[in-house]
Structure formats: structure tokens, C-alpha cells
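Asker: Taken in order, these protein sequences are the chains called Y and W.
Numbering of the first sequence is given in the working numbering, commencing with residue 1 and proceeding in unit increments.
Numbering of the second sequence is given in the working numbering, commencing with residue 1001 and proceeding in unit increments.
Hints may contain errors.
Claimed, not checked - Partner residues are not named here, just some residues of chain W that face chain Y (Cβ under 8 Å, in silico):
| hint | residue |
| --- | --- |
| 1 | S1240 |
| 2 | F1262 |
| 3 | A1263 |
| 4 | A1266 |
| 5 | L1269 |
Calculated from the structure, these hints are not laboratory results.
Computed from a prediction, not measured in an experiment: that's the story for all the values here.
Idealized CB from N, CA, C, for every residue including glycine.
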Amino acid sequence: MNFVIKILKDFPAYLWSGWGSIASIFLFIALWDMGNQIYGDLVLPSPLETFQTLWLMLQDKEIIGEINTTLYRASVGFGVSLALGSILGLIAGFFVTASMMSRPIVTILVGMPPIAWIVLAMIWFGMGDETVIFTVIVASFPIIFVGALQGTRTLDGDLKEMAVSFKLPWHMKFLDVYFPHIFSYLFPACVSGLGMAWKIVVMAELLATSDGIGATLGVARSQLDTPTALALVVIMIGSLMFVEYIILEPIKREVELWRS
Amino acid sequence: MSEQNQEQKLHATNHYLYYPDEKDIPPYLAYGFRPIFLVLAPYMLISMILWGLVWSGFINLPFMDDVLTWHVYEMLYGLVTAGTLAFLATGLPELFPGIIPLVGKRLKYVVILWLAGRVSFWFIDITGVYLSAFLNLAMLGWIIWFAKDAVFDKLQRHASIGYTALVLFIIEVWFFAAQLGFATTPAIDILKVALGAIVVLVLLAMRRVNMEAINELMEDNEIDDVFISRPPKTNLAIFSVIVFTIVEFLYPGNSALGWLGFAAAAAILGITSEYILKDEFILNQAYVIYLACVYLLLSTGYALMAWDYLSADINGISHFRHFITSGGVGLSYLVVMLIISWVHTGRHLTSNIYTHVMVMLIILATCMRGLIPFFEEYSSELYIYSSIVWSIPFAIYIKLFFGFLIAPRADGIKG
Chain Y
1 MNFVIKILKD
11 FPAYLWSGWG
21 SIASIFLFIA
31 LWDMGNQIYG
41 DLVLPSPLET
51 FQTLWLMLQD
61 KEIIGEINTT
71 LYRASVGFGV
81 SLALGSILGL
91 IAGFFVTASM
101 MSRPIVTILV
111 GMPPIAWIVL
121 AMIWFGMGDE
131 TVIFTVIVAS
141 FPIIFVGALQ
151 GTRTLDGDLK
161 EMAVSFKLPW
171 HMKFLDVYFP
181 HIFSYLFPAC
191 VSGLGMAWKI
201 VVMAELLATS
211 DGIGATLGVA
221 RSQLDTPTAL
231 ALVVIMIGSL
241 MFVEYIILEP
251 IKREVELWRS
Chain W
1001 MSEQNQEQKL
1011 HATNHYLYYP
1021 DEKDIPPYLA
1031 YGFRPIFLVL
1041 APYMLISMIL
1051 WGLVWSGFIN
1061 LPFMDDVLTW
1071 HVYEMLYGLV
1081 TAGTLAFLAT
1091 GLPELFPGII
1101 PLVGKRLKYV
1111 VILWLAGRVS
1121 FWFIDITGVY
1131 LSAFLNLAML
1141 GWIIWFAKDA
1151 VFDKLQRHAS
1161 IGYTALVLFI
1171 IEVWFFAAQL
1181 GFATTPAIDI
1191 LKVALGAIVV
1201 LVLLAMRRVN
1211 MEAINELMED
1221 NEIDDVFISR
1231 PPKTNLAIFS
1241 VIVFTIVEFL
1251 YPGNSALGWL
1261 GFAAAAAILG
1271 ITSEYILKDE
1281 FILNQAYVIY
1291 LACVYLLLST
1301 GYALMAWDYL
1311 SADINGISHF
1321 RHFITSGGVG
1331 LSYLVVMLII
1341 SWVHTGRHLT
1351 SNIYTHVMVM
1361 LIILATCMRG
1371 LIPFFEEYSS
1381 ELYIYSSIVW
1391 SIPFAIYIKL
1401 FFGFLIAPRA
1411 DGIKG
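Excised from the complex, chain W in its bound form (with noise of 0.2 Å):
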């Protein structure tokens, strides 16, 4: 092996220290992100096909005669749990060398425990909410046991996210005592503040993503020049988002709502502002591009849920909020899985004609769906497209990406 290639090849196991000694590990069970993917992404297209039959009443699920509540919790936290266990099971290692990464039986079992989550979701009117708050809390509590290494870590690095997903464990427990009427806060209230949750661990999941993968894409390109995210900007975000979700679940509807939300837009949007750097230029890379575009999604949904609240003659904050849940949200999971898939198989991180569709029909997709309000005569039509053209880019994702995610990694390199 020459040289240069056995350097190479060290600085990418600098992504773990240790990788277990387990026997017989198939490609696809070799690393955290790989079974979650290769189940979220038909997950994402069936789940989007199901509730387009659901809605148009082709199929009967009454979801316990609350068909929106179920919807919103489960495109929250069924997305959410895969998401962050994704992130965490990839991310961890790497943010903390010593940890040892989750792969073969062990990843198989907490895989199957989201897809019994899910499932005990769709047939909850046959088999009950119990099963399905018992496996979704299940799933979310192991996460973060598994996380318990960064909450308790000495220098708090990335305790934010630990905590963050307690928040959304104690806030799920909440939605489903309220479902089983152990609480009287109206479901759907909750929720809201569970998507106030998940875009606070978006922010900060983002905040790591981005310094990872610019870099990474600025090494590729030997462009000579470092990419800091502070904290900062992003804690500014945080806490304009943290306030907007406390008052609009204590005061919903009250007019600072419409001035918090601006806040809030305003803050995100100041996070991209790091993308400018001193010396070089790189809002000309596509993965800037894509990540940035988290951002104006996210903050595009709190600048229009702002001047809903302030304005008497717009009624659609409902649809306004699809710009952070089916835009932000979205597009982050689609830009982390795309950056994943190619660098943790030992790719170099690429962008082309099938990764721009990708994002640019999830933001399409997001318009329609969010701009509803403004199209009402055509709001049937923009319902039924908008889902089909949302869950396009993740049939791409498998026809692209699952021959990397159930192959060894092209360097050789264990994981």
C-alpha cells in the first residue's frame, strides 16, 4: 500500500476509534446510518402513499376518529426517531472517538423496534394506543440512552442534543397521556410544541452537519479555507424558536406571536450567514446551497405563520407550518442522508443532476403545500401533488443509494 493511500486511509478511520469485533457483519448492518436509511427512505414514499389514500378516503383508517393529530404525530416523531438514531449512531462515534459504533445484531434489533413503532402506528385502531406509545416511547428512550455518553460528557460539546431529545421523550409521554386521557391538553397542542422541539435539535444537528460536510467538501475541492459554525447565531435561533413554541402553546393566537415569529425567521436566516467566510467564496457549492436552503425553508415558514398572526386578511397557519415539517425538516433529512450516504461509504461527498432534483423537488413540494392559501381553488389538486412530488426525491435516494448502502465501503475501510 503506498504511502499516500495508507494516510488516506487513517484519516478516515479517525472517524472511530474502536469498531467491534463482532463476526459476520453483512454490509448493510456495518454502520449506524445503513439499515435506518434503507428502511426510512420507502418508509418516506410508502408512508406519503398511504396517507394520500387515507385522505382521499380510499382506504379506511379512522385513526380513532383523529385522523390529523395521528397524521401530525406520526410525520414528527415516526420521521424523528429514525432521523436522530441516523445522525447519533453515525454522528457519535466520530464526536466522541471512544464510542464504540453500533452496528450488527444490536443495530438490527433497535431497526426493528422503529419498524414495530411504525407499525403498531398504522394498525393502532386494531391493536391499541398502549402498544403504540409503549414501542415509539421504547424506541425514543433508547436513543437516548445510547446518547447518555454526550449528556454526560464533562465538557457538555453536545449534551444540547442529549437533552433536546429528553424534551421530545417527555413531550411524547405528554401527547400520549392526553391521548389516553390521562391529560387534558388538547393533542394537537402538544405536537406544536413538539415541532418547536424538533427543529431545535434541527438547528443544532445542522450546526455539526454543516461543519463536517463543508469542510469535508472544501478539502475535496482544495479550497483553503475553514468553516466555524459558533454557537452563537444557531443559540439565537434556538431560543427565538423556544420562545415563539412557549408563548403559542400558553397564549395561541395572541399578536406577539406575529413578532416572535419574524424573530425567529430573522435568526435562522442569520445562521447562513456563516456560510460567507473571510477568504473564500463557496456559496457557489451545491451542498452549500442544499444545506442553506434547510435554513430559508425554515425560516420562510416562521416569517409567514408571522404575518398570518398579524394580519386579519390571511388565514393559513396550518399550511404556513409545512414550510418548517415538510420543508425544514424535510429537506434536512434528505441533505443529511445524501451527505451520509456518500461520505460515511467512503464516497467523496458529490453533487449532480439527481441530488439537485432531489432538493429542488422537496422545496417545490413544500411551495404547493405551504402556498395553498393562496391557490385555494386549486388546494385538491396541490394536496394530492404536492405529497407525490415530496416523496419523488427519496425513490431517487433508493435507486441512487441503496447499491453504496448494501456494499461494503468503496475505501475498504471497516463501517
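Pulled out of the complex, with its shape left as it was, chain Y reads as follows (with noise of 0.2 Å):
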């Protein structure tokens, strides 16, 4: 519980440190405001009218529909992968055996491009939600499992002992001394999980299916429709951000304290 109060104290603070991190948004910005009046309006629309065009976007029910889909989707594949490469990795990480066993496997479900999994689960589930779900499961799983893998196996081998020697029970031995170091290894592999999750939702429905945010951008595309892309990026990018950097940056932070 406060744990939860401080990052609840800390929240406006770190939140007003952000100044700097817009400025730079910004720049970046004025920057692809150069680049429109340098190469005209269908090339790359002025940032202006991109986000007049994301005003309107927002405002028109088909198009929440459509992220809604996205968002079930992405939470979806996420959720499971987070549950299934959270537990193996555990597991992995508790058993040498395991740990050995799995790390080839990994590796090959890393290696393999995402693309190439995108054809193979439309050959076996179809056009539908099951192929993209499978995909992000498949992209955000080793990266879930390798951080809780991780974690576990560099368990600091004298906290253990004194963990013993103590008798602790077994849930304070597990919340109060393995749960704080796998956790700060586990999570950031969950935001990049997150991250990934969220970029491979995206190309799977463009591939895969005909609804969601990925269907609107291939919708787009056909069209010429430049404007609606980029805001469709700007609604991926500005969603990622914030789960970033509104959601989990101030947790993480919280959570790595106690190592430095």
C-alpha cells in the first residue's frame, strides 16, 4: 500500500519533470513541419492537419470502434503472454534443467521474424482475431519470459540463505525477498513486451484481417489517404506513450529505487 502512496506522492512531480521530454516532441514536430513543406501535403501532411484530421477521427464512432478492436486484440495476446512467459520463466528460472532447455526454444521464437508467423497462423486460424492474437502472443512471449528467466536465476544466493537460516515463512520469503528482485527484472521486459504487443497488433490486422486500427491504415493506404495515416500513427504512438510514460515509467521507477 505505500508503495502505491508514493508513487501516487511522487506522480505530480514526475510529471511536471516531463517539460523537456514535450520540448523535444516538439522539436521533432517542427521538424516534420519542414519535411511537409518541403516535399507538399501528399508525401507527408503538415502536423497541423494531421491532427485536425485525428480531432475528427476521435470524434466518429466507427473509428473508436475500431481502436476497441485493436485494444482487445493487443490486451488479449499481452495478457496471455504475460501470463504464460511470466509462470514458465519462473519456473525455468527456479530449475536448471529447465532453464537450459528453454533457451534454444527461445531463441528460435526471437529469431523468427514476426512476419513469417503472421502467414503461418493465416494458413492455420484464418483471417481473424485468432491469427493476430496468436502473433503478438508469439512476438511479446520470449521477451516476458527471458526477463522473468532472468530474475529468478540471478536470485542473490546469501539473501537466500539468510532467508532460510531466518526461517521465514514461505510468503514473506517470496514477497519480501524474491518478489522485489524478479519483479525489477520482470517488469521491464513486460514494457517491452507492452511495446512490442502493440507494434505487431498493428501489422497483423493490416495483413490479416479487416477491422481494427491496422485495416483502417491499410484502408488509408489504398486510398492515398496520407493525412488519416499519419493520424492513425499519432494515435499509436500517443497510446504507447502514455501507457509509457503516464503508467508504467513512474511504477518502474519506483520499483528500481532500491537498487541504486
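Fit chain to chain and form the complex, with the hints in mind.
Answerer: If you want it as C-alpha cells, here you go:
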């Protein structure tokens, strides 16, 4: 509970420290505006036009529906990866044999390009939710798995010994000794896993479905509607940045505080 | 003398290592800022009244038939030279303890040079541009000469201030060249560049003022923490301001200026996050709020200008620019005057109802002047009243601080 209160207490200061990042984003948008002036509206619409399109889109119920579809797919896919990845990663971390066995498999999973998975999934599941969710799982599972594995493998032996010699009850052993350490590895892995899920979901949708943000992006491409395409990109980046910097980063800071 | 007293005195004499052994220095010439503030505060007041009379047509000063340009010139360069001189004359011996403070006769002559520059400005229609150019350039040139130690410092700790002053000098030469027909650039555009350089100078100076004032304040109030203003945040703000200024000069009206303006606004606002310390809460300290307001006003100015560049519905860039000039830059002069006048006359940094009112009036005047586009129907009233409200703090300053400036330091130390 204290942990949550501390995060909430530090939140305004954390938020206020973000002005520098906002400044660099604006500098980047200025560069984009220059690009628009050089290459013209068709190639690169102006930021202003894009944001105006975005504003109109966000008032359109249909687009909100598409965003929800994508959100649903990404969250289901990411949720499954999170559950599977952390449980299997923990198990693999506690048993050296399991860890040895799983390493090459993870390498195969990570090494296989997501686009190949999409093709396979399209053959296996057809055009629909399952294909997208499957691709998301396959792409983000290994990242979380490796995070959990590393966290468990790097547990401090001395601390373990201490916990045993003090005869700590199992729940204290887990919550106070193992959990903070494992979580500090698992959490950053989850953040990158989430980023991966969000990117893959759009790609899979573009290729394998007729709804969701990805599919809308495909339609915009075929109609040469660059403002809409860019507005969709802004939605994707904006939502990812919101989740990462507003929700996850404050937690991450608190989690990693004990290390220093 | 008790041991504690001696210790306190030693701490205060850290402000400089050597004090010139010139005899019979009157208190008002005992340290750099004293005579400058003695003339600057009344000048702010008088010139505001004069401008009011000029704009309303009560007195006829044609200013080479270009009142606006010369008005902007004087509000930028006339004041910045005095501000910089006060800042450097007070700050340099402290930043570089080997530097001998500027006092006595030399100080008097420099202040007279500045005053001569002002007189030549107001009589420019009679005495001509050449004399004004010579006196004003000589003034800024002298300041740069005075700051040369900072520029040649091996560690380059404060060299940026010297370089910025040099850039301001070059821009001033360019301005006079344009006014005398040697350059074709519109003078008002050159002054916009000058404003960018002045904002940079203010940001650089404020970083140092912040560090000294806030740590002094925390020591006084026994707040156990250290305020450190590291360069990156200020540098990002400076970078954004420079890019905005250059693009505004080369591509006036370009839509990218909108985004660059927002970038500058956000970057300047970002500096205020330094006031959030790790352990202690200092945002309830009056001087921290005053200093933060400087950044808030500068930031508001850039944000409003940015909005104007992007929006077709509003047209008031020159009004919004007053958030930067009368607002941010103006308030920075006032707050620095307050801080120096307390601390360097041997007193504790004190806030009271008068200092609150002074800061609030500057902010109020800035809002009145800068928000004219939203209250067009009252514009003539707002023009006049905003300039009156803006000058009241300097009248209060005269009432409150002139006694300190013409008397020796309260703690008995020289300077």
C-alpha cells in the first residue's frame, strides 16, 4: 500500500519533469512541418492537418470501434503472454535443467520474424482475431519469458541463505526476498513486451483482418489518404507513450529505486 | 567581536577576495549594482511616462519617423545594458574571486556613459543616430571588455554569458547599420533577433541567480537541502529559443514557428522542475515563486505566439511577445534587483507585502498588455493602464530600497 501511495505522491513532480521531453517532441514536430513544406501535402501532410484529422477521427464512432477492436486483440495477446511468460519463466529460472532446455527454444522464437508467424497463423487460423492474437503472443511471450528467467536466475544466493536460516515463512520469503528482485527484471521486460505487442497487433491487422487500426491504415494507404494514415500513426504512438510514460514509468522508477 | 560574528563576516567577504583601496568611496559607489539601480529604477519609471506621452501624442518626438522601432530598441538595449552591467559588476567578483570589484570613480564613469546613452537616445532627432550608436555601442563594448575574464576562463564556467553579450553587441551594430542605411535588413526584424539573444542571456543569468538566491534562502530558513541548477534543462530551453529566433528571422510567418514556439515554451517551463527538490519542499518560499514566475511568463509568451502562428483566428503576435519582454525579461530585472538589493547590502533575503505586490503588478501589467487581442474594445485603456501598472513596482523599489543603496552595508563589510 505504501508503495502505491509513494508512487501517487511523486506523480505530480514526475509529470512536471516531463516538460523537457514535450519540448523535444515539439522540436521533432517542427522538423516534420519542415518536411511537409519541402515534400508537399501528399507525401507528408502537415502536423496541423494531421492533428485536425485526428480530432475528427476521435469523434467518429466507427473509428473508436476500430480502436477498441485493436485494443482488445492487443490486451488479450499481451495478457496471455504475460501470464504464460512469467509463470514459465519463473519455473525455468528455478530449475537449471528447464532453463537449459528453454534457452534454444526462446532463441528460435525470438529469431523467427513476426511476418513469418503472421503467414503461418493466417494458414492455421484464417483471417480473424485468432491470427492477430496468436502473432502478438508469439512476439511478446519470449521477451517476458526471458525477463522472468533472468530475474529468477540472478537471485542473490546469500539472501536466499539468510531467508532460510531465519526460517522465514514461505509467503515472506517470496514477497520480501524474491519478489522485489524478480519484479525489477520482469517489469522492464513487460514494458518492452507491451511495446512489441502494440506494434505487432497493427502489423498483423494490416495483413490479416478487415477491422482494427491496422486494417484502417491499409484502407488509408489504398486511398492515398496520408493525413488519415498519419493520424492513425499518431494514435498508436500517442497511446503507447501514454501507457509507457504516464502509467508504467512511475512504477518502474519506484521498482528500480532499491537497486541504487 | 564574537567568534560567530566573525564567521558570518568571513562568509560574506567570500563575495570577493580583494576590494580596491581607493579612498573616500561614497556608499552609492561602493559596489557595482548600487549606482546602476539608483538610476535604473527611476529611468524605468520616467521612460514609461515618457513613452505614454509619446504614444498619446502629448509630446512630439518623431524618432526619425519610426517610433515603434526605436521604442523596441530602447526597451531592449537601453535596459539590458544596465541589467547586464549590474549583474556582471555584482556577480563576477563572486563567480571569479580574483576579480577586483568595479567601484568608485570607474564605476561612476560607466554609469555616466550609460546615462549619456539614454540622453542621446531621447534626443536622437537632434543629436543624430551616430552619437547614439557610438555611446550605446561603447557601453555594451565596455561591458564585454569587463567580462573578458569570464570568456577567457580556462574552465569556461560562465563564458556563455560573455559570448551572448558579444552576440548582442554584433546585433546592435547590425541594427545601427540598418538604421544608418548600411544594411538593408528591416530594423524591427533585427530587434526580434536581439530579443532572442536577450532571452538567452536572461536564461543564463537566471540559472546563476537561482542557485545563489535559493541556497541563500534555504540557509536562512534552515531548510536542509541543496538547490542545484544543472545546465541541461537551461541548455534545451536556450537551444529551442535560438532555433525559434533564427527561423522567425529567416522564414517569418512559417508554420513551423508554431511548433518551435511550443517547444521553447515547454523547454522553458521544464526549468521550473528544478525547484522540486529531493527531500524538502521549497515551492512555498516567496522568492522561489517569484523566480518561477519569470519562467512562467517567458513560457506563456512563446506558447501564445506559437498558438497564433498555427491558428488562423487570432492575430496578436506582437501583443503576445510582451509576455516575454515586459513579462519574463521585465520581471527578471525586478527580481534580480530585489535579490541583489537585499543580499548585497548585507541583509537577509526578505519577502514582504511590498515585494509580493511588486511581482504581482508586473504580472498583472503583462497580462493587461499581452492579452489586448482578446479585449480589443478596451485596447486604448489597456495600453495606458498596463504601462502605469508596470512602472509602479519600480516606484515602490525607489521608496523601499534607495535607503539601502545610499547607505553602507548593514553588516559593516566594504562594498
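Asker: Now tell me if each hint is right for this structure.
Answerer: Hint check:
no. : hint  : in the structure
1   : S1240 : holds, 6 Å
2   : F1262 : holds, 4 Å
3   : A1263 : holds, 3 Å
4   : A1266 : holds, 4 Å
5   : L1269 : holds, 5 Å
This entry satisfies every hint, going by the numbered hints stated previously.
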